[in-house]
Structures are given as structure tokens and as C-alpha cells.
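Protein chains in written order, with this note's numbering: chain A, 1 to 226; chain B, 227 to 445.
Rather than coming from a laboratory, the hints here were simulated on the basis of the structure. Cβ atoms here follow ideal geometry from the backbone N, Cα and C, with glycine treated the same way. Possibly wrong hints are sitting among the right ones.
[Unchecked claim] If the Cβ cut is set under 8 Å, some of the chain B residues that face chain A in the computed set are:
#, residue
1, Y283
2, F427
3, A433
[As the list claims (entries may be wrong)] Under 8 Å between C-beta atoms, here's a sample of chain A residues computed to sit facing chain B:
#, residue
4, L138
5, T188
6, A189
7, I192
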Amino acid sequence: MFSILTDLLPDFLLRYWPALVSGALVSLKFLAWAIAIGFPAGMGIAVIQLNGPALLRLPVIALVEMVRNTPLLVQLWWIHFAIPILFGARSSPEVSAAIGLALSSACYFSENIRGGLLALPEGQREAATGLGIGRWCLWTRILLPQAIIDTLPASANTVLSFFKATSILSVIAVPELMMTAMRISSRTADPIGVLTTMTLIYAVLGGGIAFALRRLEAALMLRSRR
Amino acid sequence: MLDISLILDAWPELARGIATTLAVTAASFLGALLLGLLLTIGRLSRRKSLQRGCEGYVALFRVVPELGVIFWSYYCLPLLVGLSLSEITCGIIALTVIAAAYVSEIYRAGYNALPIGQFEAAKAIGLKEWHAWRLVLAPQILRRMTPSLINCGIDTLKNSTLLAAIGATELAYEAYQIGNTTYNYLTPFSFVAFVFFIVIFPLSLIARRRETRLQARLR
Numbered sequence: 001m002f003s004i005l006t007d008l009l010p011d012f013l014l015r016y017w018p019a020l021v022s023g024a025l026v027s028l029k030f031l032a033w034a035i036a037i038g039f040p041a042g043m044g045i046a047v048i049q050l051n052g053p054a055l056l057r058l059p060v061i062a063l064v065e066m067v068r069n070t071p072l073l074v075q076l077w078w079i080h081f082a083i084p085i086l087f088g089a090r091s092s093p094e095v096s097a098a099i100g101l102a103l104s105s106a107c108y109f110s111e112n113i114r115g116g117l118l119a120l121p122e123g124q125r126e127a128a129t130g131l132g133i134g135r136w137c138l139w140t141r142i143l144l145p146q147a148i149i150d151t152l153p154a155s156a157n158t159v160l161s162f163f164k165a166t167s168i169l170s171v172i173a174v175p176e177l178m179m180t181a182m183r184i185s186s187r188t189a190d191p192i193g194v195l196t197t198m199t200l201i202y203a204v205l206g207g208g209i210a211f212a213l214r215r216l217e218a219a220l221m222l223r224s225r226r
Numbered sequence: 227m228l229d230i231s232l233i234l235d236a237w238p239e240l241a242r243g244i245a246t247t248l249a250v251t252a253a254s255f256l257g258a259l260l261l262g263l264l265l266t267i268g269r270l271s272r273r274k275s276l277q278r279g280c281e282g283y284v285a286l287f288r289v290v291p292e293l294g295v296i297f298w299s300y301y302c303l304p305l306l307v308g309l310s311l312s313e314i315t316c317g318i319i320a321l322t323v324i325a326a327a328y329v330s331e332i333y334r335a336g337y338n339a340l341p342i343g344q345f346e347a348a349k350a351i352g353l354k355e356w357h358a359w360r361l362v363l364a365p366q367i368l369r370r371m372t373p374s375l376i377n378c379g380i381d382t383l384k385n386s387t388l389l390a391a392i393g394a395t396e397l398a399y400e401a402y403q404i405g406n407t408t409y410n411y412l413t414p415f416s417f418v419a420f421v422f423f424i425v426i427f428p429l430s431l432i433a434r435r436r437e438t439r440l441q442a443r444l445r
């Protein structure tokens with residue numbers, strides 16, 4: 001029974017599946033990092049853009065526009081090669097990737113959240129001030145939760161696009177799924193088999209993430225129905 | 227450190243890179259406008275198999291990385307069709323196929339927003355069918371779709387840098403080569419970022435402006 005199954009599977013899969021699994025885990029690890037750092041940072045950036053002191057607001061707006069209007073690959077290269085000049089030490093691909101992804105995702109998430117904040121009725125802020133609610137409480141307990149939930153569909157799209165973007169890390173030699181697959185492909189000289197398998201792995205993982213995000217969206221929207 | 231003379235010395239390569247990037251983006255985006263139309267027609271068709279196939283296509287390219295499609299089209303496509311294709315050709319095919327899925331989403335949203343009642347009203351006041359489309363429906367739908375289409379074009383332009391990974395001689399690739407020969411990576415990469423910014427930023431401002439105007443009009 002089992003031998004029939006192994007005969008059906010292509011050779012490279014039997015030999016290299018551990019590498020593919022670990023590559024996929026590295027991809028997911030970087031996605032998790034991009035969300036874990038990028039989302040809270042995006043919240044901060046959005047609030048600064050709308051309500052920060054001008055001295056802080058202008059550089060932050062400039063940064064967000066610079067990141068959102070240039071390709072991620074160029075940013076990653078730039079960061080990877082600029083870090084040694086700024087800090088005098090060579091940067092590992094992982095460190096450059098982590099910095100680049102976090103910076104970029106923060107800017108994209110902040111734009112979603114900012115849109116949500118702008119769409120909230122002005123009266124809420126006035127009412128909160130009238131009730132004597134402090135600024136910290138106003139932002140963290142009243143405005144941000146609503147803005148985040150309202151813009152979940154946009155943020156889900158951002159998550160998916162960063163899931164795809166983790167593949168770009170292969171260009172600066174981070175051993176994630178794409179790079180692993182390219183290595184296996186050149187070693188086995190079977191690009192069609194390996195790259196198609198890789199595409200399927202991405203499709204399954206991405207489909208799973210999209211499904212999970214839809215469930216999360218539905219759950220949060222239901223809880224916050226107003 | 228930044229060294230402007232490097233840019234001046236390498237200007238022929240960089241100019242060629244800029245031209246290639248723009249040409250690849252334009253070709254891919256135009257291709258996507260057509261392929262996206264076919265996909266949308268397929269998705270609206272009554273034949274279930276065709277409809278499912280086109281829906282599947284759009285769903286697939288929503289989650290498969292752009293770079294994966296580019297590698298696939300560079301390493302697998304020539305083997306499958308038995309032709310030798312250049313890096314640029316493979317790149318254009320990949321970018322077209324990716325953008326078409328998004329374009330199809332935009333077209334379908336536009337189709338769903340068609341005010342059919344207005345079409346009947348236009349005919350009732352004596353407009354010919356063609357005029358009703360051209361004067362009443364098309365302007366509204368185009369206005370609704372332009373911001374998203376501009377954004378899709380911007381994404382295609384950004385994605386074109388990924389072709390550097392298969393050695394297509396677009397701008398990012400040229401910059402990387404200059405970095406490799408001069409050991410000064412910061413200058414060419416800063417230049418590339420600058421070029422993309424001055425092309426993309428105005429476009430995204432136009433898209434944003436049109437979007438806000440559209441929202442105000444729909445409200």
C-alpha cells in the first residue's frame with residue numbers, strides 16, 4: 001500500500017521534502033514577523049500621521065510614501081547594502097530581510113488603519129473629550145479598535161501580499177521556500193516537477209491563510225456589530 | 227557612500243534599464259487588460275466549467291507569489307512549449323498572467339456596478355444602444371475602474387523589478403550589475419529607488435485623488 005504511494009510521488013519529493021518543509025516554515029516565520037512587528041508599528045504610524053506633532057508627522061509621512069512608492073526588492077537590496085555602511089558591520093540576509101519586511105509592512109498596515117481612522121465620525125472624539133476620557137484611552141480603547149475592525153478586509157489583503165512577498169527574500173539569499181525550491185530544482189534538473197510542486201505548496205498555504213483571515217474577519221465583525 | 231559620478235558613468239546602462247522596465251511594464255499591463263477581459267467574460271459565462279476555471283485562475287494568482295510565476299515561466303514554460311524564450315519574453319508573460327487576475331477582478335466589480343436601469347432609461351428616451359453605452363454607461367464604469375487600474379499598473383511596475391532574478395536587463399538588474407562591478411551598491415540602488423519613486427508617486431496621487439472624488443460622488 002505504502003510502496004504504491006511512494007512510487008507515485010516524484011523522486012525529488014521523497015529526497016527533499018524535509019528541505020521543502022523547513023523552507024515553508026522559514027517563509028511563514030518571516031510572514032509572522034512582518035505582521036507581529038508591522039501591525040502594531042502601523043497603528044503607531046497611523047496615529048502619528050493623524051495626531052502627532054508636526055516635527056514627527058512630516059518625516060513619518062515621507063517614510064510611508066517612500067516605502068509605498070518603491071518596489072520591495074529595491075528596498076531589501078538597499079537595506080542589505082546600506083546597513084554595513086551605517087553600522088560598520090556586515091548584515092546577514094535574515095537581519096536585512098527582517099528589517100525590510102517589518103518596515104514595509106508597517107507602512108502598508110498604517111495606510112489601512114489610517115483610512116479606517118479617517119472614516120470614523122468626528123463626533124466620537126468630541127464626545128470622548130466631553131466625557132473627560134484621556135487621549136491614550138480615546139485612541140487605544142475607542143478609535144483604533146473600530147478602525148482596525150472596519151479595515152480588516154484591506155489588512156487581510158496586505159497580509160496575503162506579504163505572504164507572497166516573503167518569496168522576494170530569496171533574492172537576498174534567505175533560505176525560504178522559493179530559494180529552497182530553486183536549489184532543489186537545479187540539483188535535480190527537474191524544474192517542471194519542483195517548481196510546480198512549489199507553486200502548489202504556496203497555493204495551499206496561501207489558501208489556508210486566506211481562509212483563516214476570512215474566519216477571523218467574520219468573527220470580529222460579528223462581535224463588533226453596531 | 228553616495229557617488230553621483232557613478233550614475234553619470236553608468237548612464238547608458240541605466241537609461242537602457244529604465245527603457246526596458248517601462249517597456250516591459252507597458253507590454254504586460256496592456257496584455258493584462260486584454261487577458262483580464264477574456265477572464266471576465268469567462269467568469270460571467272453560463273458554462274459552469276469555463277466559469278470555474280476562470281474563478282480558479284483568479285483565486286490561484288491571489289496567493290501564488292509573483293516571483294514563483296516568473297521562475298516558472300522562465301524555467302518551465304520553454305521546456306513545455308519547446309521554444310527558447312528570452313528572459314524579457316518570459317518576464318512579460320509572467321507579469322501579464324499575474325496582472326490579468328487583478329484586472330479581471332476590477333472589470334467584474336465594474337460590471338457588477340453597471341446601472342442597468344439607466345441603460346433601459348437611455349433607450350426609452352430614444353438613444354441608440356451604442357450611444358447609451360458610450361454616453362451613459364461607459365463613462366461611469368470607467369470612472370469607477372480608473373483608480374484600481376492605475377494601482378494595478380503601479381503593482382505591475384513594481385513587480386517588473388523581480389525580473390532581475392531571472393537576469394532580464396531591466397533597471398534593478400542594471401543597478402545590481404553596477405554595484406557588482408564598482409562595489410558601491412548604495413548609489414545605484416538609491417538611484418533606482420529614486421527613479422521608481424518619481425514615476426510611481428504621482429501616479430498613486432492621481433489614483434488616490436480619483437478615488438476620493440469617486441467616493442464623494444457615490445455618497
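These are the hints, each one checked on the structure:
Among the interface hints, the one on Y283 (chain B) is violated; its C-beta lies about 12 Å from the nearest C-beta in chain A, farther than the 8 Å criterion. Contact between F427 (chain B) and chain A, as hinted, is supported at the beta carbon level, the nearest pair being about 5 Å apart and thus within 8 Å. Taking 8 Å as the C-beta cut-off, the interface hint given for A433 (chain B) is violated, the closest approach to chain A being about 11 Å. Interface restraint check: L138 (chain A) against chain B, minimum CB-CB distance 26 Å, threshold 8 Å, status violated.
Because the smallest distance between the Cβ of T188 (chain A) and any Cβ of chain B comes to about 12 Å, over 8 Å, the interface hint for this residue is violated. Checking A189 (chain A) against chain B: minimum C-beta separation of about 10 Å lies over 8 Å; hint violated. Using the Cβ-Cβ criterion of 8 Å, the hint placing I192 (chain A) at the interface with chain B is satisfied: the shortest such distance is roughly 5 Å.
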